[in-house]
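K.L.:
Next come the chains, spelled out residue by residue.
Protein chains: 4
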Amino acid sequence: MSYRFGPDYPDATYVPHDYPEQLADLGEIQMNYAVAGSTDAQPLLLIPGQTESWWGYEQAMKLLAPDFRAYAVDLRGQGRSSRTPGRYSLDNWGNDLVRFIQLVIKRPAIVAGLSSGGVLTAWLSAYAPPGLLRAAYYEDPPLYASEVRPACGQSIRQSAIGNIFRLFSAYLGDQWSVGDWKGLVAAAQSVLPKEALAMAGFGEEPSQNLKEYDPEWARAFWTGTGTAGCDHDQMLRTVKVPVLFTHHFRRVEEANGVLQGAISDLQISRVRALIEGSGQRFAYRSFPQMGHAMHRIDPALYVATLKEWVAGLR
Amino acid sequence: MSYRFGPDYPDATYVPHDYPEQLADLGEIQMNYAVAGSTDAQPLLLIPGQTESWWGYEQAMKLLAPDFRAYAVDLRGQGRSSRTPGRYSLDNWGNDLVRFIQLVIKRPAIVAGLSSGGVLTAWLSAYAPPGLLRAAYYEDPPLYASEVRPACGQSIRQSAIGNIFRLFSAYLGDQWSVGDWKGLVAAAQSVLPKEALAMAGFGEEPSQNLKEYDPEWARAFWTGTGTAGCDHDQMLRTVKVPVLFTHHFRRVEEANGVLQGAISDLQISRVRALIEGSGQRFAYRSFPQMGHAMHRIDPALYVATLKEWVAGLR
Amino acid sequence: MSYRFGPDYPDATYVPHDYPEQLADLGEIQMNYAVAGSTDAQPLLLIPGQTESWWGYEQAMKLLAPDFRAYAVDLRGQGRSSRTPGRYSLDNWGNDLVRFIQLVIKRPAIVAGLSSGGVLTAWLSAYAPPGLLRAAYYEDPPLYASEVRPACGQSIRQSAIGNIFRLFSAYLGDQWSVGDWKGLVAAAQSVLPKEALAMAGFGEEPSQNLKEYDPEWARAFWTGTGTAGCDHDQMLRTVKVPVLFTHHFRRVEEANGVLQGAISDLQISRVRALIEGSGQRFAYRSFPQMGHAMHRIDPALYVATLKEWVAGLR
Amino acid sequence: MSYRFGPDYPDATYVPHDYPEQLADLGEIQMNYAVAGSTDAQPLLLIPGQTESWWGYEQAMKLLAPDFRAYAVDLRGQGRSSRTPGRYSLDNWGNDLVRFIQLVIKRPAIVAGLSSGGVLTAWLSAYAPPGLLRAAYYEDPPLYASEVRPACGQSIRQSAIGNIFRLFSAYLGDQWSVGDWKGLVAAAQSVLPKEALAMAGFGEEPSQNLKEYDPEWARAFWTGTGTAGCDHDQMLRTVKVPVLFTHHFRRVEEANGVLQGAISDLQISRVRALIEGSGQRFAYRSFPQMGHAMHRIDPALYVATLKEWVAGLR
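Residue numbers (my numbering), protein chains in the order written: chain A, 20 to 333; chain B, 20 to 333; chain C, 20 to 333; chain D, 20 to 333.
Incorrect hints may appear among the rest.
Each pair may be met inside one copy or between any two copies, as identical chains are not told apart.
Here are the computed lysine to aspartate or glutamate pairs in the EDC-like style, where the Cα-Cα straight-line distance is at most 20 Å [to be verified]:
(1) Lys125 x Asp44
(2) Lys259 x Asp44
(3) Lys213 x Glu224
By construction, these hints were calculated from the structure, which means they are not laboratory data. For clarity, every value in this text was computed on a predicted model and none was experimentally measured.
Just chain A, with the same shape it has in the complex (with noise of 0.2 Å):
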């Protein structure tokens, strides 16, 4: 049997939930997005992580609605958002960006983001047009780490997540074309070890994130087609707001040098030094205990980490 979800197949693929979601016309892509919070308030942009849609936020949202008005969007290839064969790129999904900025928001954001969406933060904070935004929060993100050929420390052939991303290529295939979920979970099994199981959330049946996801991200990723031409190291050199970087679990595997989180002390070391170089504030959180998404996982001490870093921005 094949699984085939995605915006082709809605009934299959998409839930209810609690606020409304409406779509933007950014010329190429049509973007999903859901809002929270009075129309006054600071605006703040959040960017999901990979295989997440913009409904991860949704419990943070509930939080920082008293203190924000937050758009928390679904990026090409996520959630109810348009798949865009052969054009995930950091730079599209980056230019996407700055157009739901300009287009939607309107004014000076803040902007936050996981993972991939984290990698994004910091595209915005070396790339968008002058005036966009405020400030940038880098949630967790596999800045070198999720890099075919990085500058520093593990590449993603060398990250636990990485394996996992070539293998939803294989078995699901761009746009969910293969969909071979059994055979995905049974390959996962004999190659990777626990803890990528279960980040990665293997079971019966795809999970609601993963059905939202469009598989070509994984190939993007693992082949380096997705993050060619924009290279991390140049990227952080050109940093032009102030940063939040939290840090959650990592541990690089003394036998075999394989990192187990999102990125490691070395690599966030040189983060540091080349957005301190470009003469920007670089505000470092560590949570060693801390799953990949706290936005998720503890909503409530994400939006007083964030809320915090804010009080501090004037």
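Place chains B, C and D on chain A using the hints.
P.N.:
Only chains B, C and D this time, still in chain A's reference frame:
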């Protein structure tokens, strides 16, 4: 002796022009441009070809001034605009132009570009945010023929110009880091057909336009890093505005299939089919005796052709 | 239901044949082969095409036996020979054949191969150690047309068969790791022209020859990892033995330039020029009505053509 | 002034040596080599490192002569052996060596190689035909560390030597086509740490060994075309003969993780695990004060180490 040119060597590189130049801060880059015509006329964005700078349009601008507000730009890696090593790609060039229209022109524009600039008008016609473009003029663009692995017809390896790019890259180096002009001329003479040499204008010294060119462009096209992730077939299927295509000199060598000129008749027929399939008007004008840059070779004919087409757009 | 085939599933994969099979240890791989003819006859090495195994030559071998000592082999990734993930390339296949001639045949051989196997006869004619080959028969090989970035004519993307390889790779997976035959057939029906479907022989169940095929071959050709580092232009310039080329059905679609069949007339003319330029005799026989695998479709004509050419070699 | 070196400029390139040189015709290439020792002694194949020629072993050969029949070779792209544009890869270098052993040595050999040559001894120990090798000595080889996307530890981008290769390629060009030595030295001074400069021996004029080096090697390693299709992890799993590994100076920079030297302790531990997992003896000798080329720096220690290990092989 090694030649060094570019923004780091302004005295050696640049000369004065009839229109004043200014820089727009687009975030990642500073974009250089010049303007002609009255502020309330129809905006027209002019995009130079590879190895050209904005002032390739200087004569045309004088003829356009009575009817248009004409903005001629330098793309990243051209003229006085920023150099961005490792980041020359259609998606980045295209999004720079989106930002330029938003931040500088601020009204719906007609876009016109030559050669690689013509590919970028195609990019804009497919991928720009809604409402930014009125129409797009593709001036002799190497659609398909500038791709490494095109869906149709000759690739860049099978075009005369492709091999020139290969030599530019090897002998001049990214950002003129090598700068071996004499080595380039010698290599070109032993390798390339005369037409190609004439087309590229090799001489004792680098021509003014080449001084202002970042040879990394050539590498990006020859190796395909600059065109990756932007399949022309896919792009042309989603064109959203009316198109004018002027097709200049071209010949397919019977003996070896090599393309002299920018794009073959076979490739054009596919461009037409896809654009018409997207529901847009496709105006085709063939000038088989015309050299590649009609806007420089015959500015009057260029402007007349453009104006006639614009008149029919209403 | 997922299909699993290959050496790890011998009962599901293999069937008996008229000639006994044996394995030669070549170091990296075990090469399976069968032999016909007397030990003192002229040695003839038969190389199957992609998706074929040695027994595609079974009928031809019966006709060849009176005149030749015929060795029909399975290449790595075919039939009962080893699977070598990540290591399918022309240079590796070619050097396997060199070793086979040295270790098993042990005398100067005539080599004959179909399709990809024909490209390998070209490889052997250019790159084998001195004294190993007497002459080479290229049976309808996709010279240039199986390259990602050929010097001349259609690339693999512009050939009908190329898109089949893309689907083989996506739906069957390296080493049949995915094995979604029904997904493959469904995808093929919506994407490919009827000729291509017929050519690839899709049906309810995988055909016997496909069961014996490692679909990673298809990935290696479609992505170009298998043909990298072996430019056909360069290879053909150094051919060192006489060549027979039989050219079967081919047609270039006027509307889109797509190649039906293995190699175009334009490409052949370049093959001829380069081989004759290398000082070797080039015998060309055109069979425009003949399907791709003459040795299976009309073994008598195949053998007659081969024998006539061999008679003329002295 | 442009420098031109290589087989096309023999007077400018080569100097006499203590052992006579001769060429072996291997089919695709002519391989240059020299021999020492008596014809009935144990055959020993000596493989130079990158930027070295066979005569890097000249002093060692004198010490080896009483006990071995020592063959020191130039690989394709080194010394007086052929240049093969576009065809420098581990699989091609490795198969050249297979042919050399078969055609020239003709008996089971011990193979010993430095650096890239050491990677090739690993290649031979995994992929040579049966019976060709007795044992393999890997002299400080950059296993993993010369790969673009290694399974373990630093990639070539993260090693000091990698950036030198990048500059060799840009300023010298394939086959010395650019030959800008002064540009190379200037670029190296502004970019590389002193250790790396010393390691590469930059001076007023190209050193003798660099004159004999085809800079396309450097491009093949830096871009990964030379190492593609030969994953080290996979190769080391199938080693078939006993191995000696001498590990010389190395240091991982704490601040940035850059590897000084050829291979890290972490990478070695994986090499050992895989080779022992393949059932072969793995003799490891660490010389942390020794420079990269022990066979040149301390030929007596090199030969003593080799002889001691060989004595233990019986």
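K.L.:
Hint by hint, note whether the structure agrees.
P.N.:
Here is how each hint holds up against the structure:
{"no.": "1", "hint": "Lys125 x Asp44", "result": "both (15 Å within a copy, 18 Å between copies)"}
{"no.": "2", "hint": "Lys259 x Asp44", "result": "between (28 Å within a copy, 13 Å between copies)"}
{"no.": "3", "hint": "Lys213 x Glu224", "result": "within (18 Å within a copy, 36 Å between copies)"}
Of the hints listed earlier, there is not a single one the structure fails to meet.
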